[in-house]
Amino acid sequence: MTPVPAIRTAALRKVYPAPKARRPSYSSAFPISGGAVWTGAAPGAGGRGPNGEIVALEGLDLEIRAGEFFGLLGPNGAGKTTTISILTTRGEPTSGQAVVAGADVVRESAAVRQRIGVVPQRPNPDRSLTAWENLVFHASYFGITHAAAAARADRLLAAFGLADRGGSKVGELSGGQQQRLMIARALMHDPEVLFLDEPTVGLDPQTRLALWDVLRDLHARGHTIVLTTHYMEEADRLCERIAILDRGRLLALDTPAGLKARAPGGTLVEITLDADAGVASAGAAAVPGVLRAEAQRQLLRVYAERPGEVIAGLVRECERAGRAVLNIHLAPPSLETLFISLTGRSLE
Amino acid sequence: MTALHLEPLERPARVSEALVFWALLRRDLRVARRELPAVLVRVALQPILFVTVFGALLPRMGFVQRSYGAALLPGILAISLAMSSIQSVALPMVADFGWTREIEDRLLAPVPISLVALEKVIFGVVQGTIAALFVLPIARLIMGPIAGLTVAHAGEVLTVTILGAASFSLLGLLIGTAISPQQIGLMFSVIIAPMIFFGCAYYPWKGLAVAPALQYAVLVNPLVYVSEGMRGALTPALPHMGLPVVMLALAVICALCWYFGFRAFVRRAMS
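Keeping their order, the protein sequence lines are chains D and W. For what it's worth, my numbering labels the leading residue of the first sequence as 1, then goes sequentially. For what it's worth, my numbering labels the leading residue of the second sequence as 1001, then goes sequentially.
Honestly, the hints are just simulated from the structure, not real lab data. Honestly, I wouldn't trust all of these hints.
Claimed, not checked - One-sided and incomplete, this derived list gives chain W residues near chain D with beta-carbon spacing under 10 Å:
id : residue
1  : P1012
2  : V1020
3  : L1091
4  : P1092
5  : R1140
In this text, a Cβ means the ideal position worked out from N, Cα and C, and glycines have one as well.
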């Protein structure tokens, strides 16, 4: 028996019209959570169409299994938030199809909304209500009776360390508390699929770790979780499978271990030079022990099994090419080095 | 944080739209009740100041005829209900779409998005109606006896009130989806102020015969019909438009704002 996928997309594409010269500033000045459009349209992000339109998503095919902990990894503008906004019915795809929890996101959007929970990038609690009311009213929008909602709200507040803050206006909560409240809210109606859009951005390390525990716990209970992040470590530690997105395209999709195995061999040695690195790349590649060397502007990227043995030779080659070495950075094989080898860019 | 102990929830297989609508309305009523004193001050203070000066003080000083109060009162009610309805819909919406995105949790409710807009409009009607009913006795108290004021046509007063509140709530929906937070100040000086001064609130429409071009130009202003309708229902002895004309005009305004307002809302709500 083939398990029914929780999420399936086919040739999903999203194109935003070319920004006009006089676009109202509210849409570009503030990345909007939930339906965050303009993070995907940041200058230089996404692809550009022939008329200057922004291609945020270019033919995405994904299949996420029920009960899976799935990560969407990529830098800002990769298309992560656009993907989430389409899958949560908050954005319409330009073309292609997406089915979430058995319902089509365009034709049966209300049915999709009933089965999903969404934690936005930036907490957007209802500031006119208390923390407890946020949860109970949210449940009422899903047709849940007041008694059931009240009991569940008490439990969730306790579980998220907010038991004593139930009566507080949400404006009085700290950023971390608000983010936890957003997760509690998303769980109020017991969703089958939970979407979290960069949930740990701006959280202190302790709160982040606590949040990871909660997510692992939810996953253990059979919830399907889709998480976007640009933190490699987060994706690596939590997700069963990771899709790496860049400029609206799917670059790689595998388990963290599988992805790391695909990272180029050896440690990445990144050497920053005082000018264009192109003149030094051939010499660097010839240094004994070097597996591969490539130049990108002032950056020389070299992969080597034993970086300690090649650094002296590399510095010599750079100086021979008339360049001064400004900085040397070592990165062991990881998702980070894979990402750099796939895109030529760093994640953060 | 402690471990989660959550039982699976009994969820209705299909959520009743009426139930969700009621939940949305309850949320707005809860917030309004909490902010009631501030809401009432916002709704009533300006009309009270206005009737104090123009309905009570100036007539006693002899600068204005005493009969002016009868022309003024229906207009003041019209302004109160119009401002209350338009603000209760437009102001939170501008903030929601422009910056806070607080409405997002309601847009994620398992119902059509337009139901969220409909609830906002109905709530605006409730607020506008309450505003008019709240200001009427206060204004009457300040101004003293008003010649020709009658509550014999209470049904007509209520009909004009509700239809007027609906027009301005729907107008608020249109404005709330069209402008950005930075433009709110501009909205008051460019849209609201001319609407009030050329809304036949301070004088009957017939009086504008002194400036015929203006008399016809103001017919695009929805406030004209609410003011004239209030006059027809509360002080029928004064010159006023026929109630059928008023009702028809308000119905047309409702239909237009409904069509464009809901489209704009859905467009703004989707990214």
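Cross-check of the supplied hints:
| no. | hint | verdict |
| --- | --- | --- |
| 1 | P1012 | holds, 5 Å |
| 2 | V1020 | holds, 6 Å |
| 3 | L1091 | violated, 13 Å |
| 4 | P1092 | holds, 9 Å |
| 5 | R1140 | violated, 33 Å |
Checked against the numbered hints listed earlier, the structure breaks hints 3, 5; every other hint is satisfied.
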